[in-house]
Amino acid sequence: MTELLLYALLGAGLAVLAGVAKGSMRRWVIGAGLASLVVFAAFPFSRARGFLSRDTVDPTLLALMPTFPLLALIPVGVLVALVLARRGGKAAGLGGALGGVLVMVAAAGWYAQPVQMVRLFPVEGLMELILALGVAGSIALLTFGRPRQRGPLLLGAVVAGVLTFMWFHAPQGGGAYLPKSLGYYKLLFPTAPTTQQEIADAYNRALPELNAIRKELGQDALKPIQSLADLQGAIPQQASSEGYRLVQPATTQYGAFAVFFLAGLMLGAGLMQLRNARLQEPDDWRAGILIALVVSFLIPAFDATEFDLNKLVVGWPFLQQFADKAWPPLLADSSAERYPLQEVLSQIAVTVQMALVGTFLAAIFATPLSFLAARNVTSGSPLMRSVFYLTRLFLNVLRGVPTLIIALILVAAVGLGPFAGVMAIAIHSMTELGKLYSEAIENADKGPVEALESTGASGVNVVRWAILPQVLPLFVSYTIYNFEINFRSSLVLGLVGAGGIGYFINEKMASGQYDQMIVGVIAIVIVVNIIDFASSWLRSRLV
Amino acid sequence: MIEVRKLSQTFQTAKGPLTVLTDVNLEIPQGDFVAVIGRSGAGKSTFLRTLNGLLIPTTGSVVVNGTDITRLPKRELQKYRRTVGFIFQQFNLVNRLSTLDNVLHGRLGYLPTWRGLLGLYNEVDYRIARQQLERVDLAAKENARVDSLSGGQQQRVAIARAMAQQPTLMLADEPAANLDPVLSEEVMRTLKRFNEQDGVTVVINIHALDLALKYAKRIVAFKRGRLVFDGPPAQLSEDMVDDLYERKEMLA
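Chains as they are written, first to last, in this note's numbering: chain U, 401 to 943; chain C, 1239 to 1490.
Read the hints as simulated data drawn from the structure, not as lab findings. Every value quoted in this text rests on a predicted model; they were computed, and no experiment measured them. Worth double-checking, as some hints may not be accurate.
Claimed, not checked - List of simulated lysine-lysine pairs, DSSO-like, C-alpha gap at most 30 Å: (1) U:Lys422 with C:Lys1253; (2) C:Lys1253 with U:Lys846; (3) U:Lys846 with C:Lys1430.
Said to hold, decoys possible - Residues on chain U that point at chain C, a partial pick, calculated with CB under 8 Å: (4) Phe521; (5) Pro522; (6) Gly525; (7) Gln626; (8) Glu850; (9) Glu853; (10) Ser854; (11) Ala857; (12) Ser858; (13) Val860; (14) Asn861; (15) Arg864; (16) Ala866; (17) Pro869; (18) Leu874; (19) Ser877.
Glycine included, every Cβ here is placed at the ideal spot set by N, Cα and C.
Input sequences plus hints: build the corresponding full structure.
Right, here's the structure in full:
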């Protein structure tokens, strides 16, 4: 609870800072308010346990509302804040402060709730609807680029949406592939005291049997319970499979932190605007929506990536130990016949050579492909047009596969060593260069093309004399830049066994010879900087 | 002899169809010097680009010495185009190449494709190119990169490129619009010289009316896609010019 209030204070503090800097406060009220609505409906807030760990449900605030109706104050508070934000000035400030307080009071009220038994109510069709809306929405987005085909596109969007819904909802359709998704969103309803008593009684009746098993496992016997609040650990299996869960208000999920942070932000921003009514701007709504979007994607992402600075503190001794063993670097030890510097230099050379050969091959193959993938060069006939689409498709699909994945596959095919790395770099770079080259061709000045066409020159000669001289310097520049990137990716390729300095570092790291590994790291830092510098100097001379 | 018959041009734009030329009929005998005048958007550029097949008209035809060039297959069209020089307002030179290379481009239509690709011009092509450079007083600059030349010099390179095609028809789309008055006169004089010495038919789009009246043998005027005047410069009255440029309406 104190931690949650800290988050609220953090939000308020940020708002006050922004307000002192004379930033618009209304946009933070709007942004935090809209984000709170997202958190309210979609972020896990608390935890409800069943018999097995996979029975656990993390309900949202909306899902908890049937159990604790006071939570309705959250959307009400946000609504008040948003409506008053439209009026602007002191009213907007008052709305922000009021909304923030209401949200905080309602959310805090939840923590005064006892541990209690609830029953799950899966909302049928909701996830299906969201997916269908997503599909229909992305098709409808196309209308921005093609205003003349708005009618058919919107019709297509609706049809695709309906089909998606039907497929996803059918047991043999989406249900077979995504079994968790159907009825994923669950509301939690309170249970009558009599039902709770029945579950408690059932638990007590099954207790002797359970204790017999626990005795065999050497565990302590469990005592009979008076009410469900006395339950330690899991609820009975029978009740769990009937859809009963034990809600523990004290267990917080990341949605709880988000709610308190956003409420603090609303409150702080509202108060700052009450103090100075002019802290608002005309584009606050757009900015607010942007803030809400960023927050709604960022918060779950932090949770999903298990972001936790505490781990760094725990892992600190390892870092210290690493530094102790890595310094001073071991350049050579003639008594043990070990010469890391020698090895590093030759491996760095191999890495540079991998990048060189890979980039060269990529440029050779990308050049003809890029002309086929350029819209303006292939507008002549339907045949050329289809070649254009095929080349584009080929490049786009292949570009989607990262160099590392290509290297992994090639290592399996041709064995460990630099050859796999070279081929991986060549294949991936070809797609990158193909795209860059073809964009250069498409952006070439049309004037000379028209001029050469009107001299009666044939199509290939127009390309050769009007386009090629224009794009050649760009091609060279892109290729040098690509070499720079390829050097860095060939470092990583060493880690999957494709040779070079990356392989050396991986090996020394695994065997704990940090003082040799650090020689490789220092060499990489130096060479990367040399190549960056040389490449940008060369490119500045070219264009 | 060029015969333009019932020429109409309609473009499909995002805002719907846009008619640029409506029912244009015109005959241009060999050796004529025609100045096409009219306001911006009157259809002058479209008309010019239709004459060498850069644009295909929606309806109507352009008959040159008995052949309709608007419906030619690609190879035949290229063969026709090499007899038609085109000079652009923006010069449209290949900036990174030398002056001589740019003039030689005028010879590409006469070479087999593979020789063109490798830049294997014949002796005669070099001779023609150098000769044309000399005629526009740029023989000394043949190895200079085009982007190092001044605007007037660049336009002369473009004229030399068009002349290297040894054309029977020369089209010029506002060739002097990007140049100062002195250079404009110079470009017009050059075209006049080619017209008189080589017997090249010249059709030129121009909105500098004084230059048109001074150099052209014949004035053709477009207003909103329609041909509204065709005759010698002397016949073009003040009233007609006012109507053409819609001056009264603009003042009102």
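Proposed interface contact between proline 869 (chain U) and chain C, which counts if any beta carbon pair is under 8 Å: holds, 5 Å
Restraint outcome when valine 860 (chain U) is required to lie within 8 Å of chain C by C-beta distance: Holds - the Cβ of valine 860 (chain U) comes within 8 Å of chain C, reaching about 6 Å at its closest.
Hint validity - leucine 874 (chain U) Cβ closer than 8 Å to any chain C Cβ: With Cβ-Cβ at 11 Å, over 8 Å, it is violated.
Status of the glutamine 626 (chain U) interface restraint (C-beta, 8 Å, chain C): violated, 77 Å
Interface hint status, alanine 866 (chain U) versus chain C (Cβ within 8 Å): holds, 6 Å
Hinted contact glutamate 850 (chain U) with chain C - closest CB pair below 8 Å: holds, 6 Å
Interface hint outcome for serine 877 (chain U) [beta carbon to chain C under 8 Å]: The hint is violated - serine 877 (chain U) has no Cβ within 8 Å of chain C, the shortest such distance being about 14 Å.
Proline 522 (chain U) as chain C interface residue, shortest Cβ-Cβ below 8 Å: violated, 49 Å
Closest C-beta approach of glycine 525 (chain U) to chain C relative to 8 Å, hint status: Violated - the Cβ of glycine 525 (chain U) stays beyond 8 Å from chain C, reaching only about 41 Å at its closest.
Proposed interface contact between arginine 864 (chain U) and chain C, which counts if any beta carbon pair is under 8 Å: With Cβ-Cβ at 5 Å, under 8 Å, it holds.
Status of the glutamate 853 (chain U) interface restraint (C-beta, 8 Å, chain C): At about 7 Å, which falls below the 8 Å cut-off, the nearest Cβ of chain C leaves the hint on glutamate 853 (chain U) intact, so it holds.
Restraint status (C-alpha distance of lysine 422 (chain U) to lysine 1253 (chain C) at most 30 Å): violated, 45 Å
When each numbered hint is compared with the structure, violations occur for hints 1, 4, 5, 6, 7, 18, 19.
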